[in-house]
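Chains A and B are the protein sequences, given in the same order.
Sequential numbering of the first sequence, starting at 459, is according to this note's numbering.
Sequential numbering of the second sequence, starting at 158, is according to this note's numbering.
The reader is advised that the hints may include incorrect statements.
Stated by the list, open to error - Ranges between beta-carbon positions, derived for each pair:
| # | chain 1 | residue 1 | chain 2 | residue 2 | range |
| --- | --- | --- | --- | --- | --- |
| 1 | A | A460 | B | D212 | 32 to 40 Å |
| 2 | B | E172 | A | E517 | 17 to 25 Å |
| 3 | B | E215 | A | S555 | 18 to 26 Å |
| 4 | B | E172 | A | D554 | 37 to 45 Å |
| 5 | A | Q480 | B | R174 | 19 to 27 Å |
| 6 | A | K529 | B | D252 | 18 to 26 Å |
| 7 | B | R218 | A | P519 | 37 to 45 Å |
| 8 | B | D212 | A | G521 | 36 to 44 Å |
| 9 | B | S165 | A | P466 | 17 to 25 Å |
| 10 | A | M485 | B | D252 | 32 to 40 Å |
| 11 | B | R218 | A | S555 | 21 to 29 Å |
Everything labelled a hint here was simulated from the structure, so no lab data went into it.
We treat Cβ as the ideally placed atom computed from N, Cα and C, and that holds for glycine.
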Amino acid sequence: NAGVTQTPKFQVLKTGQSMTLQCAQDMNHNSMYWYRQDPGMGLRLIYYSASEGTTDKGEVPNGYNVSRLNKREFSLRLESAAPSQTSVYFCASRRDSLNQPQHFGDGTRLSIL
Amino acid sequence: DQQVKQNSPSLSVQEGRISILNCDYTNSMFDYFLWYKKYPAEGPTFLISISSIKDKNEDGRFTVFLNKSAKHLSLHIVPSQPGDSAVYFCAAHADYKLSFGAGTTVTVRA
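Construct the entire structure; sequences and hints are all you get.
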C-alpha cells in the first residue's frame with residue numbers, strides 16, 4: 459500500500475547545483491503532477507503529465523524540467539538551483555475517471571543556500 | 158491571479174462544536190471541488206469532494222456545500238474532534254488540473 463513515494467525526503471543544495479526529485483506511484487494512474495508549497499500559499503502546479511509520454515507546464519514551470527520515465531515514475535529536475543526554489547515539493551497521481559481525487563506523496567523538503 | 162481563495166488563515170473551535178471552513182472561487186469552468194487535510198510533514202490527504210452539478214455531499218462528520226451562483230463552497234465538520242486539528246485546503250478541478258487555496262489551519266481545543 460505504498461501509494462505515491464517521493465525521494466529524497468530532505469535535501470540541502472548550494473546555489474547552482476542540480477538535483478532530481480524522484481516520484482513513483484503503484485496505483486496504475488495515468489496522470490501525475492508536481493507541486494510546490496510555500497509558506498502562506500497553497501500548492502502551485504509546476505508540471506503535469508496526463509499520460510505516459512506527455513508533459514505540460516503548470517502555473518510555475520520556470521527553472522524546472524520533468525521526465526515521465528514510464529507510467530509509474532515522474533521526476534522533477536532543477537538544473538541550476540536558486541534560493542527562490544527553496545520549498546516543499548509534492549508529487550501526486552490521479553486515476554482518469556470522472557471526479558477522481560489526486561493522491562499525494564509525503565513531500566520533499568528542499569533548501570537551497 | 159488566485160482562482161481559489163480561503164480568506165480565513167486560521168480557525169479555533171472547541172471539541173464537540175461545529176467547524177465551518179469557507180472557500181471562494183472565480184473560474185466558472187471548475188467542474189469538481191475537493192477538500193484536502195494536511196498534517197505537518199505529511200502530504201495532503203483527500204477528505205471529501207463535490208461535483209459542480211450537486212449542492213451538497215455528506216460523508217460521516219464531513220459535509221461540503223456548494224453555491225454555484227455565489228461561487229462559494231464550505232466544509233462543515235460536526236462534531237469537531239482533536240484529530241481534526243490540521244491544515245485544510247480547498248481545491249477546484251478543471252482540465253486535468255487542480256487549483257488550491259492557501260489553506261485554513263484548524264485547531265480543536267479540548
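A quick look at each hint next to the structure:
no.	hint	result
1	A:A460 <-> B:D212: 32 to 40 Å	holds, 36 Å
2	B:E172 <-> A:E517: 17 to 25 Å	violated, 37 Å
3	B:E215 <-> A:S555: 18 to 26 Å	holds, 22 Å
4	B:E172 <-> A:D554: 37 to 45 Å	holds, 40 Å
5	A:Q480 <-> B:R174: 19 to 27 Å	violated, 43 Å
6	A:K529 <-> B:D252: 18 to 26 Å	holds, 21 Å
7	B:R218 <-> A:P519: 37 to 45 Å	holds, 38 Å
8	B:D212 <-> A:G521: 36 to 44 Å	holds, 41 Å
9	B:S165 <-> A:P466: 17 to 25 Å	violated, 34 Å
10	A:M485 <-> B:D252: 32 to 40 Å	violated, 22 Å
11	B:R218 <-> A:S555: 21 to 29 Å	holds, 26 Å
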